[in-house]
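Undergrad: Construct the complete structure from the given sequences, taking the supplied hints into account.
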Amino acid sequence: MAREPQERDPLEAHLDLLSLDAARAGEAPDEDRAHLERCAACRQALAEITDLSSALRRIHHPPFDVPADREARILWNARKQAVRARKDRSGLRVPDVAARWAAAAVAVLAIASFLDGARSTQAPLAPRQALSTPALPADVNGDGRIDILDAFALARAVDAHRASAHWDLNRDRVVDRADVDLVAASAVRLRGA
Amino acid sequence: MARRHLLHLLLGLGLWLATTHPVLAAPNFVALDVYIDSGATPLAAYQIEITAGPGAVIAGVEGGAAGPFHEPPYYDPAALRGGRIVLAAFNTGGDLPHGRVRVATLHMREEGPAPADYEPRLIVAAGADGRPIEAKVSIERPKGEKP
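Residue numbers (the numbering used here), protein chains in the order written: chain A, 141 to 333; chain B, 832 to 978.
None of these hints come from the bench; they were simulated from the model.
Ideal placement from N, C-alpha and C gives every residue a C-beta, glycine not left out.
Warning: the hint list may mix true and false statements.
To be verified - Which chain B residues face chain A? A few, computed with CB under 8 Å, are given here:
1) Tyr866
2) Tyr877
3) Pro903
4) Tyr906
5) Leu918
6) Thr923
7) Ala957
8) Gly961
9) Ile964
TA: So this is what it looks like as structure tokens:
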């Protein structure tokens, strides 16, 4: 007698697009495959992605064929990098304006006496004077150009929890590796192509 | 007799076109290893530009040797299927490599009978403190790849 698939726990999260694509390519981990057996919604989403992929392959004819082994290596590296970027969420949370003012009103005397008595050696990495009105918003190190050194400088500040809120480039209220990635993407963008 | 000579001539012409014409000649996929040599100074960040000669287009980008630069570098996806690309990466960790390091592998599609030329250019390299350092960039075809 065939076993009935277990019902999906209502609190169990559905598979995201990345995981569904991996399942479409036959590269899903065991836990994702087990989830698909339990979740009808994800099976339907997988079927829709598979149909879309087939339809795109029919209408799109690339100018050349990439050998299967190279294509697999490139896709594997791309997925791994995407998973790493998704999981890497260390950063400094930027409080909203109202919460910042409220905290300052309650603790202003205590903070003033603390700062006067113990000057910290780890000042936040604030933008240089030239960047108070930056001509290049991603020029973190203030050398007048955007390159990987800007992303490197911001990454070091993020890792040390010293990044100024000024570098919340994607306006998600968090200064983290997503902002670093934006700076790096700007550095490698082809210009004049 | 004349017909046989004409047939031979046509066959020879066809063979010549198949091996030399850029459309008819089979494309060749090659993997190019990209190296940066920072000498005795540990390498923490780099940015380079690679320009391919005629008949070569970029098919993909892969990370370098195991270690701080094992992950694929940053690059503009618009560079794929083109002939110019900027690669960049950094590592904020402490165990940084020095000397000659393979930082990336470029997958290229070459057309034509002769291998394409490539021009690498170092834009910037930096040490752990973020300050620029002297370094050299070079490209190699791995052993075993078709010439």
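Undergrad: To test your reading of the hints: which numbers does this structure violate?
TA: 1, 9
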